[in-house]
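Asks: Chain residues, written in single-letter form:
4 protein chains.
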Amino acid sequence: MIRAAIVGASGYIGGELLRILLGHPEVTVTQVTSERMAGRLASSAHPNLRGRTQLRFRRAEELGDCDALFFTTPHRLTMGLLPGLAARAGLVIDLSADFRLDVDAYQRYYGTPHAAPELLTEFTVGCPELARDRLRQADRVSVPGCTATAAILALLPLARSGLTAADVQVDARTGSSGAGRGDGAAGAHAERSGAMRVFAPVTHRHEAEIARHTGLEVRMSATGTPATRGAQVICHARARCPVSEHDLRRAYRQQYASEPFVRIIAERRGIHRLPDPKTLLGSNYCDVGFAVDGDGTRVAAIAALDNLVKGGAGAAVQCLNIRMGWPEQFGLDFPGLHPV
Amino acid sequence: MIRAAIVGASGYIGGELLRILLGHPEVTVTQVTSERMAGRLASSAHPNLRGRTQLRFRRAEELGDCDALFFTTPHRLTMGLLPGLAARAGLVIDLSADFRLDVDAYQRYYGTPHAAPELLTEFTVGCPELARDRLRQADRVSVPGCTATAAILALLPLARSGLTAADVQVDARTGSSGAGRGDGAAGAHAERSGAMRVFAPVTHRHEAEIARHTGLEVRMSATGTPATRGAQVICHARARCPVSEHDLRRAYRQQYASEPFVRIIAERRGIHRLPDPKTLLGSNYCDVGFAVDGDGTRVAAIAALDNLVKGGAGAAVQCLNIRMGWPEQFGLDFPGLHPV
Amino acid sequence: MIRAAIVGASGYIGGELLRILLGHPEVTVTQVTSERMAGRLASSAHPNLRGRTQLRFRRAEELGDCDALFFTTPHRLTMGLLPGLAARAGLVIDLSADFRLDVDAYQRYYGTPHAAPELLTEFTVGCPELARDRLRQADRVSVPGCTATAAILALLPLARSGLTAADVQVDARTGSSGAGRGDGAAGAHAERSGAMRVFAPVTHRHEAEIARHTGLEVRMSATGTPATRGAQVICHARARCPVSEHDLRRAYRQQYASEPFVRIIAERRGIHRLPDPKTLLGSNYCDVGFAVDGDGTRVAAIAALDNLVKGGAGAAVQCLNIRMGWPEQFGLDFPGLHPV
Amino acid sequence: MIRAAIVGASGYIGGELLRILLGHPEVTVTQVTSERMAGRLASSAHPNLRGRTQLRFRRAEELGDCDALFFTTPHRLTMGLLPGLAARAGLVIDLSADFRLDVDAYQRYYGTPHAAPELLTEFTVGCPELARDRLRQADRVSVPGCTATAAILALLPLARSGLTAADVQVDARTGSSGAGRGDGAAGAHAERSGAMRVFAPVTHRHEAEIARHTGLEVRMSATGTPATRGAQVICHARARCPVSEHDLRRAYRQQYASEPFVRIIAERRGIHRLPDPKTLLGSNYCDVGFAVDGDGTRVAAIAALDNLVKGGAGAAVQCLNIRMGWPEQFGLDFPGLHPV
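Chains as they are written, first to last, in this note's numbering: chain A, 228 to 567; chain B, 228 to 567; chain C, 228 to 567; chain D, 228 to 567.
Keep in mind the hints are simulated off the structure, nothing from the lab. What you were told as hints is all true, and nothing was included just to trick you.
Heads up, incomplete: computed chain B residues facing chain C, CB under 10 Å, no partners named:
id, residue
1, 279
2, 508
3, 535
4, 564
The beta-carbon is built from N, C-alpha and C at its ideal position, and this holds for glycine as well.
Chain A with its partners taken away, still in its complex shape (with noise of 0.2 Å):
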């Protein structure tokens, strides 16, 4: 069994994360930090885990040693943070958006300079479908965002097999647990319920993450959804030359035989057939999907997954299954449930 610890655990996807790792074999929690909720239980914060844990919540400054550091701390706050603490733990996995980009990247989509340039080039992208054999030596991984790893997975057998041309138009929807706690009037309930707010039309910062690991000139538009969890997005494509159905198949078959967490939800028939998040609630699994239409031009590729969970907590305990040799199902075996 090794050590975690989780900074900034009050919040949704350190919830999550908790979760996750308490039904983990190899893993025992040891430390969970909030400063907001320093000293009450961790199920205070986290009701579906009462009775799962008497962790409490301490202060990041009262951290101690562990095996794996994960931090679940917004952006912008993290990458102040880090540094100081990230000697806690041989391995660190950061879920923020602090250590995703490069320096110039992260100025020019979070408005704002890096406050620890020099650890930039330390992280690995923990998306073990792009990265797995340097995962496994990793000792600092970075977690992309639950748009992006969506995204990225839903376009990279199109970017690797060089069916459709480089510029793609992707439109992105979320839950509103993406936006944490705490969101404000914006986030209240009377406000949010049944709204499909476009928050971001012609632009969104995961664009720069889903660019650099794909190749692809990607455009991003985003809407917030009625849903609490879950992302979904369809991204527009021309092909280069005319592609078949069967050519998609192929390419995506290829891409993801054996991974075990990206399932090919392409059918003909039935109500289920393309990615939907309904069906994927704290569950790991990516979903993707594809179409085409009738003369081959245009391509459609969709996925979907949990934003907390493949889109976050699940993903970096994917990372940390991998970094330790361990089958990266451990942990991660919840399917999903329907109807929900």
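Starting from the structure of chain A, add chains B, C and D where the hints point.
Replies: What follows is chains B, C and D alone, placed relative to chain A:
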């Protein structure tokens, strides 16, 4: 045309009152106040009203004269504000809780002494089904709480007919708009979405109003539902002697035969057999229904309404119409939507 | 007062048309038809209308004369019914898809030959923003599809101003009421609730209408959302030359300055910055907005409406008002609700 | 490993049972039946299980031998099927209503004579909190209804302690999945979304089960909520003598101190003070709580659970674990999600 003003018009019930009055054929809204949003357009708080009004919020202290003055300020705050502003208009209609009870009941249920006890007896209950005649001459009107109105209208035919015993258990369900803007962490979308939150398991403040107006001995529990709007009550009573559905229907018809905004919904077939707030959003109807078990001993009375309309702003306008001698439907003819 | 009749009035769009016409100051609804519910009260299908009308459904074959005849029957069925019934009224307004396209486009997009091709050229498009002058004298009107209307109104200022290139990617999102009653297993609550169902990933029938009326080359994907009502589109276009937000605002204002039911919603602050169907339920507004990226090359046009109102029944009544020379707002003054 | 089979596995509760058993360390699911979907993959009915099983549905008549046989067929149908198939396995666990009552109560509540009355006495109630010892040797198990389980677990500490009088009013709320697939027009998304449908205003079938197992005199009303999953009850009782919160807490603790799947949730602060199905989706917990009014006379007992898990499939697996002498948590360790 009379001139109307709304104090506290940036809240949800204030917005709904503004919507209704803007469509009223005999009213011009001349002033709306909000301390927090003074200087801004009313439609910036109420996006459905964009293009409908150029009114801007002012501070309460800037309030000038008008003919009808509505208070949609929070309880506890209203009793401090109203005495100083009431002289601005001949007719004052309060939608807060502050002038609904007598001085003792107020202290008991709201946990604080009343700040203007001398005014309490000046107010007439703003429920036309209870007090239409008095409302024709009332210059001070206090509109009941939303679940109180629902329960009163559900129970009145039972109380007046004497068909059931005096002690009644009321189970109330309310949407999130009832908590107003700024419900804080508990009101965040991710926390409230899909929740069934029992916030009042054994007793609720509106009991006092229901008891006062029906003469029944009422216990009420209340649960917050995943809806934004709407309130529903199921009231459980025991028949004094065995009763039939026919007896009940007669009692409800006698009570409400000529009421323009109470519909009796108690059908044996179809999807919509008993009152449901779903079909009432935006409407001033209170639907009431009933059922009795096979041996005639247990009776259920059900009511549903839109908490912001018949449970608030619509009731206030109906009272205005009565006071002014206008048709009661003025401004209130929207029937609700289906499906929604 | 003119006499109106609705063929196929038991469906959702028929019910919404009935609601609007019952509140119209110059119209009396004299007949409603439904094969399935013949003999039953119209309000048994539309529970919000209980107490508002005593009309009963009759069979289409029993239809007598009237002044304005509306078809809210399903596509494919309508083209068989309409020719035999059109003589009952001087003015015929069809809300189905059957008279929107030319004969070739119909065959291509609906997969079946048209049953009454000789009538196609008699119809004027029922979109006042496109064809107000022609509608003043049109006796045959065909209302566009809900997402087509949204996309047309979002794109018209771009198409007319020439600010953007001709090829446009439209991403549409629609609530479950668009599928009508009887959507079968796919439409069951447990299957649809919370779903984001990509039912048209690369192409959608409404493309043909959008292209026809804007001259643009349009590709549209469509996703079913968890909402019951409402439609929204995000349209992605490329600027021909770099454009500013100011250029866009001017183009939208020029196009819609005097339109009573198009609002421009493109704000920099607040919760409700871009069009969202949430604030439009029951209203005849189509809200349109826009955004451009920092270098002025990528433009997004967004529109939202209530699919059953401005996307159907409301548009039909607006056309009626124009044809009859009445104020366009007659029957259509409900502004929508917030929050809901 | 034992071999399990599920009769009627294409329904929602069958799918949930399949999900749980696929993750059970001591069980292999060898057969699933569905008449409607015979020959198709089980995952075509349960999209969350894609990639988890290659099982295909067969017809019930093709059922071969196994060790544990589960029935998730509808009531009325089950009593016809079960007698002919029960010999296929040593252990039979029925999740329908058909073997829960005695012959008279069945006739009274289900309106039809029982088809296999001689088998009724062979069944042990599948509620570990009521009958753990008997379940250790039971070869025929009948799992209670979902709201019955919730009410029984809410009320058991009151019934056993004698703190309250015998007559209890139960108000139950259930999500749409409880009606199963194929709920027809009433179950369409547009009709059910946002609805609070009082489908049982004065009496509900589960009363008979609750009374049988608690000895209380129970009246139950039931309302369909907008949720897909989850059931909640509020039970209203009168104290025999004034009771305190302390008395109640002691009674609940005594009853449930060593129960692995009952949590006592009765907190004075925070957002999640009383049982709410929102935090229980997918989990086998039944959360129970209580409250008492200021003078100690009125008591509310609240319970919440996932109707498809602790209210069905999870309870069945817990019974299996007890019968086999395995830890009760086997296959049931998913704690639920928050937020969701």
